[in-house]
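**Q** Below, each chain spelled out in residue letters.
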Amino acid sequence: MNQLLLILLFPLLLTVVSLFKGSAVSKWAFAASIVPLLFTIGLINKFVPDASTQFLIDLPWIPSMGIHFKLGVDGISMMMIILTNLLVPIIILASQKHKYSNPNAFYALIFFMQAGLLVVFTALDGFLFYIGWEAALIPIYFICALWGGENRIRVNLKFFIYTIAGSLIMLIAIIYLHLQTPDNSYDIASFYKLNLPANIQGWIFIAFFLAFAIKMPVFPFHTWQPDTYTEAPTAGTMLLSGIMLKMGIYGVIRWLIPVAPLGFSEWGQTAMILSIIGIVYASVIAFTQKDMKRLVAYSSIAHVGLISAAIFAWNVQGLQGAMIQMLNHGINVVGMFFVLDIIIRRTNTRDMTLMGGIAKVAPGLAIGFLILLLGSVGLPLTNGFIGEFLLLMGVYNYNIWYAAVAGLTIIFGAVYMLRMYQKIMFGELNERTSLFGDIDLTEKAVLLILCVLVIGIGIYPNPLLHISEASVINLIEQVNQKILVK
Amino acid sequence: MNTLITLSILAIVVLYLGLFKAKKALLPVTMFGLAAALGLAVIEWNSNAVPIYSGMMLFDNFAVAFSSICIFSSMLILLVSKDYFERISEHVAEYYAIIIFALAGIVVMVSYHNLSMLFIGIEIMSLSLYILAGIRKKNFASNEAALKYFLMGAFSTGFLLFGITLLYGATGSFDLLEIKQYVISNPTIISPLFYGGLLLLIIGLGFKVGVAPFHFWAPDVYEGSPTLITAFMSTVVKTAGFAAFLRIFLICFAPLHDFWMPPLLVMTVATLFIGNITALYQHSFKRMLTYSSVSHAGYMMFAIIALGTASVNAVFVYATAYSIASIIAFAVLILVKRQTGSDSFDSFNGLAKRNPFMAFTLTVAMLSLAGIPLTAGFIGKFMMFSSALSEYHIWLIVLAVVNAVIGIFYYLRVVVAMYFKDAERSIVAESPFFKVVLALSAIITIILGIYPGVISNLF
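These protein sequences, in sequence, are chains X and V. Count the first sequence with the numbering used here and you get residues 3 to 488, in order. Count the second sequence with the numbering used here and you get residues 770 to 1228, in order.
Check the hints yourself; a few may be wrong.
[To be verified] With a straight-line Cα cutoff of 27 angstroms, these simulated DSSO-like cross-link-like pairs (lysine-lysine) come out:
no., chain 1, residue 1, chain 2, residue 2
1, V, Lys1122, X, Lys101
2, V, Lys907, V, Lys1122
3, X, Lys99, X, Lys484
4, V, Lys917, V, Lys792
5, V, Lys907, V, Lys949
6, V, Lys790, V, Lys851
7, X, Lys29, V, Lys1122
8, V, Lys1190, X, Lys23
9, V, Lys907, X, Lys99
10, X, Lys23, V, Lys1204
11, V, Lys1055, V, Lys1122
12, V, Lys949, X, Lys160
13, V, Lys1122, X, Lys160
14, V, Lys1190, X, Lys99
15, X, Lys160, V, Lys1204
16, V, Lys1122, X, Lys23
17, X, Lys195, X, Lys99
18, V, Lys851, V, Lys1106
19, V, Lys1055, V, Lys1190
20, X, Lys99, X, Lys425
21, V, Lys1055, V, Lys851
22, X, Lys292, X, Lys425
23, X, Lys101, V, Lys1190
[Said to hold, decoys possible] Chain V stretches covered by chain X per the calculated footprint, using a threshold of three residues with CB under 8 angstroms from any CB of chain X:
no., stretch
24, 1129-1143
25, 1157-1168
26, 1175-1185
27, 1218-1228
I should point out that these hints are in silico values taken from the structure, not numbers from a laboratory. All of these numbers come straight from a predicted model, not from anything done at the bench. Backbone N, C-alpha and C define an ideal beta-carbon position, used for all residues, glycine too.
The following block holds chain X by itself, in its conformation from the complex:
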């Protein structure tokens, strides 16, 4: 059996099993979620890091409409599979402390979402990509709306409508591209081969960009994000910020720019400027937040803005930076939300001005938090550094002034993050924080794994960079040729 198919189908199997599993589903879910990770390691071993597409699956699905169940893995997809299958077990382990009502449905939805995400990251057929895109959205809507906070219904409705509106516009673009293919196909290779006029490509670019910009989110399409992150249950926030927003970034790399290269050369700069505005805007707002979850949510907009700016610069450094930073951001943001969850659960507030002195009573937590935070602000020898360095280099090669503005994110990030750390961890203990217990074994395990990843990738990122390099160079070459011909 094709290994990729195994990786895709296994989470679906887990969905069904966890629905009907009796007691102790949460421990079982963690153990089960390790299996796709093991498969992924097997997949990496067999993977040859050249530019080719491997583990190809191509089955006819709706032949009369030219729709195929076609998936494959190249270096870019490989990174995304690693991201997904690495983070899902961590997220499940991190949710062990919560006593969710109806845990069977909860874990079933997580596994279903995992399957949808994997389809998005490996699909080579436009229709299949769209199906995966929505299949990942429905479970996260239910996760956030069922187990979320007070305003969950209103906030998640906004989120759902927002993203569905974006993706329907993308669907139109996909159908349009399909109708232009000479061989009645949804195959991405046929989409790449199309040589549509520049103005049409401009429209295609806009349609795809809307869907992806809403998902990432890029300024000014970000308004759903802080509310949704804040109201979602911790696992939901982690899934959204750690994995789901990467769907948008991946979409830009795989679909948006290569499918509409002339549209990119026309609108790419606008998209880049929007991303950079987003960086500054989100950073400034993050300064003013008292709510810790909101602060991290805004910082996430800033980080993602930098990734997207570097992609629109479209050079090797920028794209390679994006690839590795997607993984790093996933690890760091999941870690941050995990730490915040620990603190919020024990103090019953998200307001950081009400805290203080936790480092004294919980030294273990303080160390773990610090490492994750430094990774997040991009200190050298942490994973964030290598990612942001490459990203800024990518933007710098494109335009030095853009890089100067985008570089502010690092300074801003350091300021608001360290300020948050200081408010929570240092200072005097008060009645809220004096009874704060240090982290227990499960929490230690999660923090340890995350910190090892932060430092490990920071010191030796080369194997990861190597996975995607050939595919990235190939993709850039392919697009640049089309733009140059024009």
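The hints should help you fit chain V onto chain X, whose structure is shown.
**A** Chain V in isolation, oriented as in the chain X frame:
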């Protein structure tokens, strides 16, 4: 053809069963008869049919497919009707018989090959429906519904008949092929009578399928009729209406699309917006469904606007998906209303905790109606969008997307009520028949959503 005969005989048999008070036998006999009719329809698939009865009818694949789906949906609805009709009336046999009579009319409507048969089919169906709408004789709303439906229906039949007459005046024939010949052989000098007839025909058929601006009877009639009859009207009857609409356009009027395109475009856009925006403001689930059914008529119009061989597939898939999902919605509505006495959204509060299975199937139905992937409704919308885009109606599609988003808004309301709101109520009792229908419909919806190849490529 045997289907039509079987249905007619079945209806009369059921009437006699009522006469002899054989209430227990009603449902089994009806189901058996309908299954036989369905079987007889299906075996005529690909039988290279030729027009029969002096060219009056043609039981081709088109007719087979649409009769089958109409009969199948009716079977699902009648299965749910177990002990529903008994609650409203003593004379249960009437319901069964009249529904079967309506089905006979529907079979004629989807297989006509002569405009007089179109008229006869529509009339057989409509007369049955007038009675069904008003069958709760002592209920005010039901009477209002019947009267409104009858007046509006008679009015629209007038348009239809006048249209047919004008077409006859221009072409000298009721036969579809003759009319087609006339259109093809006179591309430049088509008589003004013909255009007039075509417009009146559009108005008449537009009334029957409920597209704006001829839709205003629909919400009141749907709301006033007994819920199961509403289910029948908004699924089976609508499907048949579109089949009839599509059939004549496909055979006769395709070359004239420059003429009928502008009015149909306006009607479609109006239908989408009126249906969706009004549905958004409803507090009653039933009324929301009736307005949403108006908006679905708008989506189905896409197939006629982008007329071609793909249209039949698109309408068939869309109608199937829509019918099955609506049947779930109405079935759950009946149970919930029986318990709470109201059909507002609030009566669904907390349903997921009490009846998780029912809530799940209704969620599948709502996602399907909203056109979310992995359900049949998405495939239907996808095919409609594809066909309209293939004719480059980009603005129409953009407006349709806006409407699809509005649709999600109100379809999710009931899901929100079921899953995210609580209410102290007891468990809703569901009979085994309900369970079968709900499970079967949900499974069909998901299977068609995942592997639509089963029915998306029939023509």
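**Q** Taking the hints in turn, state whether each one holds.
**A** Results of checking the hints against the structure:
1. Lys1122/V with Lys101/X: Distance of about 17 angstroms is within 27 angstroms: holds.
2. Lys907/V with Lys1122/V: Violated, at about 37 angstroms.
3. Lys99/X with Lys484/X: violated (52 angstroms)
4. Lys917/V with Lys792/V: The given pair, whose Cα atoms are some 31 angstroms apart, is violated under the 27 angstroms limit.
5. Lys907/V with Lys949/V: violated (49 angstroms)
6. Lys790/V with Lys851/V: Since the Cα atoms of Lys790/V and Lys851/V sit roughly 16 angstroms apart, the hinted pair holds (cutoff 27 angstroms).
7. Lys29/X with Lys1122/V: holds (24 angstroms)
8. Lys1190/V with Lys23/X: holds (26 angstroms)
9. Lys907/V with Lys99/X: violated (60 angstroms)
10. Lys23/X with Lys1204/V: At roughly 23 angstroms apart (the allowed maximum being 27 angstroms), Lys1204/V and Lys23/X satisfy the hint.
11. Lys1055/V with Lys1122/V: Holds. Lys1055/V to Lys1122/V sits at ~22 angstroms (cutoff 27 angstroms).
12. Lys949/V with Lys160/X: Not OK: Lys949/V and Lys160/X at ~50 angstroms, beyond 27 angstroms, violated.
13. Lys1122/V with Lys160/X: Status holds; Cα separation ~24 angstroms.
14. Lys1190/V with Lys99/X: At roughly 25 angstroms apart (the allowed maximum being 27 angstroms), Lys99/X and Lys1190/V satisfy the hint.
15. Lys160/X with Lys1204/V: With Cα atoms ~33 angstroms apart, Lys160/X and Lys1204/V exceed 27 angstroms; violated.
16. Lys1122/V with Lys23/X: holds (18 angstroms)
17. Lys195/X with Lys99/X: violated (50 angstroms)
18. Lys851/V with Lys1106/V: holds (16 angstroms)
19. Lys1055/V with Lys1190/V: holds (19 angstroms)
20. Lys99/X with Lys425/X: holds (25 angstroms)
21. Lys1055/V with Lys851/V: holds (20 angstroms)
22. Lys292/X with Lys425/X: holds (10 angstroms)
23. Lys101/X with Lys1190/V: With Cα atoms ~20 angstroms apart, Lys101/X and Lys1190/V stay inside 27 angstroms; holds.
24. 1129-1143: holds (count 4)
25. 1157-1168: holds (count 5)
26. 1175-1185: holds (count 4)
27. 1218-1228: holds (count 5)
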